[in-house]
Amino acid sequence: MRIHLLILILVANMVGSLQAQDSVMVRAEWQKGDSRRYTMVEEQLEYAGDTLVRKDTTRHIGMELTVADSLTDTFEISCFTVNLKLFDQLVGIKDPDMIMRLGQFSSLTYRYTTDGSGSFLASTTLTKSMRSSIAYSLMLASKIAPHESLVKPLSS
Amino acid sequence: MKGTFGAGFSQFYIPEIQRFHFPYGLTYKMGDTLYYADEIAVPFLDTPVPTVGSVWLDSIDRSTNTCVVGLHTVPDAEALSNATKAFFKNIISNASISETEKKERLAEIETQLQSRSFFHINTFGEYHMDYEKGWPLSISFQIEVQVDAQHPQVRRNVNSIRYERVL
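Protein chains in written order, with this note's numbering: chain A, 1 to 156; chain B, 157 to 323.
Only chain A is shown next, with the shape it has when bound in the complex (with noise of 0.2 Å):
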């Protein structure tokens, strides 16, 4: 019967370990000063049937992510940006004007937290500058005209 029963708890402990092998958990084990550097890179493709007509970089920003502070069941991050490339037509653009703003607003810090295992709770910094800067950018998108080579097929 002992043996039975010691034949029991060695399979139990088998199928746990066995399913331990199968799992994962995802959960942030950060220290304060941490720190990651990213790059974030977007890109709009256009087809038409098969044929690629459009292709643009929306997007290309490095990011620096740091474990600003570290409490119980809490994380701060702060998030530094910076905007690399915003938009493929800014690439033409001559105004030294335009591009003096541009070099302005072309960097970005925020902070948000995190609950102790890394999912987002809320943003904790919001300023003016910051909303400006992001209404800016997002007014500047909607007034460039897309550039004419990115209007043609691709590919045929």
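Output of the computed footprint for chain B on chain A, the stretches with three or more beta carbons under 8 Å from beta carbons of chain B:
(1) 41–53
(2) 108–116
Pulled from the structure, derived: some chain B residues nowhere near chain A, Cβ distances all over 12 Å:
(3) His228
(4) Ala233
(5) Thr240
(6) Lys241
(7) Ser252
(8) Glu260
(9) Glu266
(10) Phe274
Under 8 Å between C-beta atoms, here's a sample of chain A residues computed to sit facing chain B:
(11) Val26
(12) Arg27
(13) Ala28
(14) Ser119
I should point out that these hints are in silico values taken from the structure, not numbers from a laboratory.
Cβ coordinates follow ideal geometry from the N, Cα and C atoms, glycine included.
Chain A is fixed; fit chain B onto it per the hints.
Okay, now just chain B, sitting in the frame of chain A:
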């Protein structure tokens, strides 16, 4: 996704942060698919459309402590069709055309959208995670919008977003 957010700043930046942090806080098991309710904002429709999302563990590499989590979301077909109908009905009702013509156009739209969807939206995502430290190595998203209108050819837009860690 988890939580709901407001307008303005949130609509612009929060979805990206939210997308970045989406897979956190869950245990994934090979062979299991988790389903969740979400919403998608369609640019020309007034209200967000409910979507059904699924997320699953694609692979685990114990030698590098990394895993790949996959994601797919599709809008609720009926809700998308209703929102599209409402959009076109609103345009036709406010158009400078005769009442008879309005009735004809409305009937056309009703017939066209009854038999098929005007457009389809599919979102695919892939998270390559370092599960030991809890940082993504890369995140890829692809949003496909296919417009099936009265064009000679079907129009398809593919929006790809990729985050990649810089060492």
